[in-house]
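Novice: In case you want the letters, here they are:
Protein chains: 8
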Amino acid sequence: MDASDLESLARAVAAGELSPSELVERVRVGAVADLGYAQVDTERGVRTGVSEVIYGAGKSAAQIAGIVDAMRRAGQERILITRMDERKAAELAEMGCSFAYHAEAHAGVVGELPEPDGNGEILVLTAGTSDIAVAEEAVLTARFLGNSVTCVNDAGVAGIHRLLRHGEEIARAQVIIAIAGMEGALPSVVGGLAACPVIAVPTSVGYGANLGGLTALLAMVNSCASGVSVVNIDNGFGAAYQASLINHLSGKR
Amino acid sequence: MDASDLESLARAVAAGELSPSELVERVRVGAVADLGYAQVDTERGVRTGVSEVIYGAGKSAAQIAGIVDAMRRAGQERILITRMDERKAAELAEMGCSFAYHAEAHAGVVGELPEPDGNGEILVLTAGTSDIAVAEEAVLTARFLGNSVTCVNDAGVAGIHRLLRHGEEIARAQVIIAIAGMEGALPSVVGGLAACPVIAVPTSVGYGANLGGLTALLAMVNSCASGVSVVNIDNGFGAAYQASLINHLSGKR
Amino acid sequence: MDASDLESLARAVAAGELSPSELVERVRVGAVADLGYAQVDTERGVRTGVSEVIYGAGKSAAQIAGIVDAMRRAGQERILITRMDERKAAELAEMGCSFAYHAEAHAGVVGELPEPDGNGEILVLTAGTSDIAVAEEAVLTARFLGNSVTCVNDAGVAGIHRLLRHGEEIARAQVIIAIAGMEGALPSVVGGLAACPVIAVPTSVGYGANLGGLTALLAMVNSCASGVSVVNIDNGFGAAYQASLINHLSGKR
Amino acid sequence: MDASDLESLARAVAAGELSPSELVERVRVGAVADLGYAQVDTERGVRTGVSEVIYGAGKSAAQIAGIVDAMRRAGQERILITRMDERKAAELAEMGCSFAYHAEAHAGVVGELPEPDGNGEILVLTAGTSDIAVAEEAVLTARFLGNSVTCVNDAGVAGIHRLLRHGEEIARAQVIIAIAGMEGALPSVVGGLAACPVIAVPTSVGYGANLGGLTALLAMVNSCASGVSVVNIDNGFGAAYQASLINHLSGKR
Amino acid sequence: MDASDLESLARAVAAGELSPSELVERVRVGAVADLGYAQVDTERGVRTGVSEVIYGAGKSAAQIAGIVDAMRRAGQERILITRMDERKAAELAEMGCSFAYHAEAHAGVVGELPEPDGNGEILVLTAGTSDIAVAEEAVLTARFLGNSVTCVNDAGVAGIHRLLRHGEEIARAQVIIAIAGMEGALPSVVGGLAACPVIAVPTSVGYGANLGGLTALLAMVNSCASGVSVVNIDNGFGAAYQASLINHLSGKR
Amino acid sequence: MDASDLESLARAVAAGELSPSELVERVRVGAVADLGYAQVDTERGVRTGVSEVIYGAGKSAAQIAGIVDAMRRAGQERILITRMDERKAAELAEMGCSFAYHAEAHAGVVGELPEPDGNGEILVLTAGTSDIAVAEEAVLTARFLGNSVTCVNDAGVAGIHRLLRHGEEIARAQVIIAIAGMEGALPSVVGGLAACPVIAVPTSVGYGANLGGLTALLAMVNSCASGVSVVNIDNGFGAAYQASLINHLSGKR
Amino acid sequence: MDASDLESLARAVAAGELSPSELVERVRVGAVADLGYAQVDTERGVRTGVSEVIYGAGKSAAQIAGIVDAMRRAGQERILITRMDERKAAELAEMGCSFAYHAEAHAGVVGELPEPDGNGEILVLTAGTSDIAVAEEAVLTARFLGNSVTCVNDAGVAGIHRLLRHGEEIARAQVIIAIAGMEGALPSVVGGLAACPVIAVPTSVGYGANLGGLTALLAMVNSCASGVSVVNIDNGFGAAYQASLINHLSGKR
Amino acid sequence: MDASDLESLARAVAAGELSPSELVERVRVGAVADLGYAQVDTERGVRTGVSEVIYGAGKSAAQIAGIVDAMRRAGQERILITRMDERKAAELAEMGCSFAYHAEAHAGVVGELPEPDGNGEILVLTAGTSDIAVAEEAVLTARFLGNSVTCVNDAGVAGIHRLLRHGEEIARAQVIIAIAGMEGALPSVVGGLAACPVIAVPTSVGYGANLGGLTALLAMVNSCASGVSVVNIDNGFGAAYQASLINHLSGKR
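In the order they appear, the protein sequences are chains A, B, C, D, E, F, G and H.
Per full-length UniProt numbering, the first sequence starts with residue 1, numbered consecutively.
Per full-length UniProt numbering, the second sequence starts with residue 1, numbered consecutively.
Per full-length UniProt numbering, the third sequence starts with residue 1, numbered consecutively.
Per full-length UniProt numbering, the fourth sequence starts with residue 1, numbered consecutively.
Per full-length UniProt numbering, the fifth sequence starts with residue 1, numbered consecutively.
Per full-length UniProt numbering, the sixth sequence starts with residue 1, numbered consecutively.
Per full-length UniProt numbering, the seventh sequence starts with residue 1, numbered consecutively.
Per full-length UniProt numbering, the eighth sequence starts with residue 1, numbered consecutively.
Hints should not be assumed to be uniformly reliable.
As a list, the in silico BS3-like pairs of lysine-lysine whose alpha-carbon atoms are at most 25 angstroms apart [stated by the list, open to error]: (1) LYS252/E / LYS252/H; (2) LYS252/D / LYS252/C; (3) LYS252/B / LYS252/A.
FYI, nobody ran anything at the bench for these hints, they're computed from the structure.
Take these sequences, add in the hints, and give me the full structure.
Specialist: Structure, rendered in structure tokens:
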């Protein structure tokens, strides 16, 4: 609820259409449906311009079903459920929840994916074949949020020509998501080649001193290339979410 | 040098205007001025759309002077020198290098700051008064890169109303830079309030288990808010650089 | 055994009611029942005012049964067994031990929960649905120790209005337990809103750079809000124990 | 500003005493004095019952003077300035700011220390002589906030009888602050002896694998004693602040 | 593609044998077969003198089969597949892929192992019996790359005479691979005895504060012996790869 | 082989009883039986006064059987096999290897345990019931090495009187092994009470910020008590081994 | 105060020589002189058989002088003051405190060093010349505590023959202190050569990934040699203290 | 001393030219000059083929002078002293020690640099101007050890064309030293381009989450390029030492 909403309410009070205590109630309760285990923000789409997403990890199928239900009743037609493994997806389906499951992205989608309506294209780059699982989450999220996506896999820096041959895609992108495990060097090279923002996603791909992805994260945060920012390890969703925000910004005002 | 440049060169060879070995030389040498201690990328502005910047830390005043000189000879009129302390700035000035020193941002600017030409406004938020030094670097960088900037200081989450009263600035921003030390919670709250991308900058402000800013960095990377990405500790420059890229993206194509 | 106990014993010696070596024996043995694998402190309730608790992790069902038995023989009627999974609880029940198992809190209770007798109310806040498991341990512990508890779930800072609408509960609480994983920002915001002590519980909820909860712990310890202290990761029990101590303090003396 | 404040404002609107936009302004601006580099929360004392404190580290003497000035103009008579070294204190004094400097606590106090008005007594325990600097900050803060304080130094666990002889002070305390560096074992022993809450303060005292106090912090968070919570390394202020909140709680309601 | 290749292409353009846009295509596409999930570098053997290797972890059997197929079609007769467990090897075999599986090295080899053609001999030393699994990967890799290998196991420094009795093998080696877990001291002792380069491989053998091999890695990187460099934890492949490069260097030019 | 052995060999050469090359062979080969996967030190008992031990982790049952066989052929009658789980023990038994399996200590013993022949008694103290598994390894090892052992469990510092009542055992011990997880405070208290050396064993008992025992290890290394040294996490064997060395030292020479 | 002391007191009460409250006072107060900033344990020598030591770091010269004074008044003639730099030593001397300052050991000694009265000899080994500062603290401490000490420097494992030529000193030692920085491998090799206990001291010698000595500490704790235990980084004092305890143990009882 | 040396001595004994005890003395003492604070290995050049080097950090000028003296008396004409700052170099010069000081490499050289006698050329690459200090140590060390060196600075991956234009130097090198701070990505890209071994040197260049170079070290150890091994942070010496060993290996035998 922002200033103009509050002003509307206050005007209604001035007009005698709303009692003062009703204004208080409206302000407090806002647009939250309280399920006990979750407070569902049913007006988030309105407020931030992005549809609501359910982070599936650590929630039971029943809890997810409840949240989906509350959202749908509040008019939300398209819902993304991330970090949901196949077993939980099956349970959710058995509960009568209708959604498409994307196994490779570990995610479910209630409703149809929208037509792309962003300013340009999001380019998703992975350093190696093993990073594709994270890329799939990013690609699905970006599409869910209304973006056109191109994906180039296995373009790691140890074979730099595999990356350089995709110069056109890099030049064309509105925003780039660079995904890499191990030493996480891909975003640094991409950041030097691209004229658009690069969002780096460290992955847990690797072994030993990769520290479960922490090494890649630290490396990416220290990137010598300007224009690179970083999200959590394996967080394909988060990168795509921010990329979508960027891709939907209005131009010159 | 991209594909179209190369095609032009190849056409010149086909036309007999260029020998094959000249093509090779052009490709290899490109637009780099080699000073021995530095290879100055004199066409970077053309390639990525952003003027060149000198990272001043670990370089001597003489080395900086040499790089500035090479850039200027290559036609670069506006140069930002970051992470330069007062002593080094004085040395640089004594060498006859002409620039304005911004003490609070630990940075120097050769040439004039440009008129803002971005799509909208960059909002710089700090959690506390002690974070202002990092904010100054971000503000100067953003202005150097042609952005209009608003700055709100001391809006940390422990007094949440100090942040909430700036809802209008948050709603108006094209991109937000959220700067915080200690527990680094500011970007999470801002990320939930804003409809635009948030770039989080952890700072080394704090003591004890702040681990020199690593705690804030880790916290920010784990932000429960979507739309937040992170740069290195105290890296006001990097945040502003990416913010500027975002703020200068062309709109709908 | 404190000074007044010792003085009583010494008086008995002076009165010839106790031999000197009996005094030594009493002092050494005190109120400990030694089971070989455990030394059960059968007078702890008397000494610290709090009933005894069994930390179930790393103990076999047989060891737990033995300790429960020793406690009951010493007159303890109410016993809390924490960190006991369903399988161990079943084994314990098969051994004839009578207790109620609270699956969601991973804990068992021998005897009845008491009537609340604290000064006020303990408020348990969680940042997200996935933190509820830790909250359940805290709620059960607090009730076991004689407290009235209110629980508000999914009030994380990325949707700050979900928290702000619970201002009344915050204002009413005698002590607040704030539970959060990921970046652990909840206690900082709550600490700024509340006039009572806040005990922060980091959880292992999250992934990647959450470092199994260490990130949240470090963030909470660095909270910019005053009045916040922290317990171990996922330690709902410990937070509730301290909250109960605070809630049972005598007032003005 | 809580619900009753807002209701008052809404009533004034209903009564025509306030225009709707004035209500909005009041809600947004609240009680914050904006100095540019700081947003001073001039009603914090009213809201949380605790006087305002200035964290001096990372602020210039001029900034501190400005904040003190804003607070005093808002009616605040007693102000604590923490983490201010002697040099900064001297600069502040030269600016005409009137305060008492407590060198051993690295803190300044504007106005008089109040009479104690808490429920009982706060006991501050240190493990070693080298921890006294942190204890001094805790003691001064506790007194500033209206508490009666007892301090017992050098009661580390390697000479356990030095601690055990203070059983009376431990039994009498309303809340205990246990301060220790190195292995940080003091709070575990105290937690087992006391019937009141124990707030543990790890210190950076020690060398080598003490990791600047992180070892003590981790140890304290893992305390096997119930009833112990932890604040940041060397954070005597934070421990005393929470202890004071506990010591000022109203009793049975 | 290096300068001479490019010059050849440019000459072909000058001679009218190649159109300018064909040159661009050749340069961009190079020798990469794009399978979607992988970009196979089919000319790597030519470029770096070493046959191609497939890192099996994180790739499905189907993906591996696809890459093997692409390589074979490009004329690669000998392919090493590392980090492939028995189950995946069985799946790969069921897909009709022909290869020999080396269970102890967790690797598969397509084609025949070559005759050794290196300058001298590679000596593989392990500190303990538990390190042999890593040694097996190193030995197989070295043989695959055309090296003669000697292996001495269980020569850890706690029984230094077990190492010293192998002085002849140490003196004879062209390059030594020293493999150790726990405290990782073996390379330091070997480095002091040998006149040739020593490549150290930390292993995850051990428990507790071995930190999954990180302790050994850190120790090896800090070796007081000169002539020691280090690869990732358990990276027998990487050590053997570099050892083979060293063993195949041309002598005096 | 020490100086006097070598001198004997050299004398034999001088006497013509041994050829020079035979001397070399004796020195090189020494007393090592090389099994390929292990170099068994068959004279270790002679050299260091302690029977040989097999570290079972990471070795197959077949490898263990081979080492046992080599040792027995070299005249070793008593062999300890540590870190061997029940499944591997069963495999080893099936191979015809004769030994007693101690399930609680995860260890096997070939031959009979000896009569104690140390100078005094080793006292093994555990902080909690969950630490007993580590204590069992220590107790068995100490007995295997010829020591008389007393064991006191669950004597953690949070109930300090449980420890203090064992003052006599502490006073009587020749050397103390203090085993604790969580915050690892036990050795500090014991170190202050005892007049003999204390060997501290951190355990992985605990959760969250115990970091798998690293917290306890760091705490113990920082012990404020003098006379405390530390071994690896869960290393009951290592503590007992050193304790036995201490307990078997000859007295005044 | 142990059981026999308490029994004596109780007997005095029974005999009417002591009032019950006097017994309590005796037990509580024991033998501690309370200076406010320190509680000096004036009977420690009696209790643990070792003279008292003052840890000088973090104490002012005035505090040290006060503690020395209290000890001397309690009859302590020989006092060791560790971690005292030259400036503090000079201040202490100016206060009239009489002691000998050992600059290389950063320590002062009040009174005369005693004649050695241990069972055998302590051998102090350093890996490199840079570790000597730590060795000096160990040597002085050991001599202060009545031990005969031999010191061999620069015997690091990268030149293993430098260590092996000191086989006789190793064989003769009652206990060995092995001091090393960097990778900390020395104790592992020594542990395999020696038949006596080895106390390992990691030092902060080195740079980069030595992590201020943490790498050496972790390596030593993971030593593959049995019979090695570890103290804190640079803790020459602690190693010598435990070595002295071992060297003064009574033999066969 | 190897087997053939020992056999010679034994033959001398057999021939009556040497007494048995003289053989023992020869074996023990070997070729070490013991200065008390250092054991100088005067035959190292003979044994490992590389001249002796003095690690200057942590040694006093007097100690260095003593070691230089011992080496020269043993016939060593060329000595490298690393990690010696200007002040220590000046002290050393005042003591009459004759050497050339290389300020930028923080090293001194006694005697003349030799003519290059390696097989090929060592290429030293740095990622940025700030890494040059480390490169200087590597270059001087390599020259001291008889290598021809080429140095290319400021070739970091964020401007990949700056690296790619040096393809010829990369192709020509016998071994490459790749030096980088921040995210340490350079060796991964170079490793993919080069056909020779790459030794990676992480540097402490950078700030914040570079963790003093640890981030670069971890990244390099996780390099996705084969043929890369790593030395300690800022260890230009160590990289050059190993590179020299590689460059001096004999070819085909």
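Novice: Does each hint hold? Answer for all of them.
Specialist: Consistency of the hints with the structure:
1. LYS252/E / LYS252/H: Holds. LYS252/E to LYS252/H sits at ~10 angstroms (cutoff 25 angstroms).
2. LYS252/D / LYS252/C: 10 angstroms, holds
3. LYS252/B / LYS252/A: Measuring from Cα to Cα gives roughly 10 angstroms; hence the hint holds.
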